[in-house]
Structure formats: structure tokens, C-alpha cells
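Taken in order, the sequence shown gives residues -19 to -1, 1 to 48; the numbers are from mature numbering (1 follows the signal peptide of the UniProt record, and there is no 0).
Simulated from the structure, these hints should not be mistaken for lab results.
These numbers come from a predicted model, not from an experiment.
Do not take every clue at face value.
[To be verified] For lysine to aspartate or glutamate, the following EDC-like pairs were computed, each having C-alpha atoms within a straight-line distance of at most 16 Å:
(1) K27 <-> E7
(2) K27 <-> D13
(3) K27 <-> D11
[As the list claims (entries may be wrong)] Between beta-carbon pairs, the in silico distance windows are:
(4) L(-17) <-> G35: 34 to 44 Å
(5) T34 <-> A(-15): 25 to 35 Å
(6) N10 <-> C45: 12 to 22 Å
(7) T34 <-> I(-14): 22 to 32 Å
(8) L(-17) <-> K27: 41 to 51 Å
(9) V40 <-> R9: 13 to 23 Å
(10) R9 <-> S42: 19 to 29 Å
(11) C45 <-> R9: 17 to 27 Å
(12) S(-12) <-> D11: 27 to 37 Å
Note that the Cβ used here is the ideal one computed from N, Cα and C, for glycine as well.
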Amino acid sequence: MRLPAILSLLSFLLSVAVAQRGQGGECRNDADCIRCVGGVTPLFCKTDDTSTTGKRCAVASPPCQPF
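Construct the entire structure; sequences and hints are all you get.
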């Protein structure tokens, strides 16, 4: 592979890995949402008719559990 192709692939992979969203952000599944906001509030992906993907990150009821 040429260097420009490798750099393009690397930047794409990094952007996908860092693309987690906060509350109200669009998502496709729970992995797209930030796990815990401020160590207290977990987020999950829920159905939303106003989103282009059909889902948004929303607040879950139970607090985050420490590892």
C-alpha cells in the first residue's frame, strides 16, 4: 500500500473508534452512546422518530457501576 492510502485508512479507523455520542446524539446501537456521563448516568440507544438513524442516546435509570 502507498503511504497516503495507509494514512487515510488509519484516520478513518480512529474516527470510528472515537465517535461515541452523548445524550441526544444519534446512534445505531448502545455501543454508539457514551457508557457513563460523569461516572453517574449511563446512556443507551432508544427509538426516536426525529432522528435520521431512527434512534438517539437517552439516559438510563440505574446509576453506573464501578468496575
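Checklist entry - Quick one, are K27 and D13 close enough, alpha carbons at most 16 Å? => result holds (11 Å)
Checklist entry - Does 27 to 37 Å hold as the CB distance between S(-12) and D11, or does it fail? => result holds (29 Å)
Next on the checklist: Looking only at beta-carbon atoms, does the pair T34, A(-15) fall within the given range of 25 to 35 Å?
Outcome noted: holds (29 Å)
Next on the checklist: Checking one constraint from the list: CA of K27 to CA of D11, max 16 Å. Satisfied?
Outcome noted: holds (8 Å)
Next on the checklist: Please check whether R9 and S42 have a Cβ separation lying inside 19 to 29 Å.
Outcome noted: holds (22 Å)
Checklist entry - Cβ-Cβ distance between T34 and I(-14): within 22 to 32 Å? => result Since the Cβ atoms of T34 and I(-14) sit about 30 Å apart, the hinted range of 22 to 32 Å holds.
Item to check | CB-CB spacing for C45 and N10 relative to the 12 to 22 Å hint | outcome: For N10 and C45 the Cβ distance comes to about 19 Å; the hint holds.
Next on the checklist: Taking the Cβ atom of L(-17) and the Cβ atom of G35, is their distance within the range 34 to 44 Å?
Outcome noted: With Cβ atoms ~39 Å apart, the hint holds.
Next on the checklist: Just to be sure I understand the hint, the distance between the Cβ atoms of L(-17) and K27 should be within 41 to 51 Å; is that true here?
Outcome noted: Given range 41 to 51 Å: holds, Cβ gap about 42 Å.
Checklist entry - At the C-beta level, are C45 and R9 separated by a distance inside 17 to 27 Å? => result 22 Å Cβ-Cβ, so the 17 to 27 Å window holds.
Item to check | Beta-carbon spacing of V40 to R9 - inside the hinted bounds 13 to 23 Å or not | outcome: Holds - the Cβ-Cβ distance for V40 and R9, about 18 Å, lies within 13 to 23 Å.
Checklist entry - Taking 16 Å as the top limit, are the C-alpha atoms of K27 and E7 close enough? => result holds (9 Å)
Hint violations for this structure: none, all hints satisfied.
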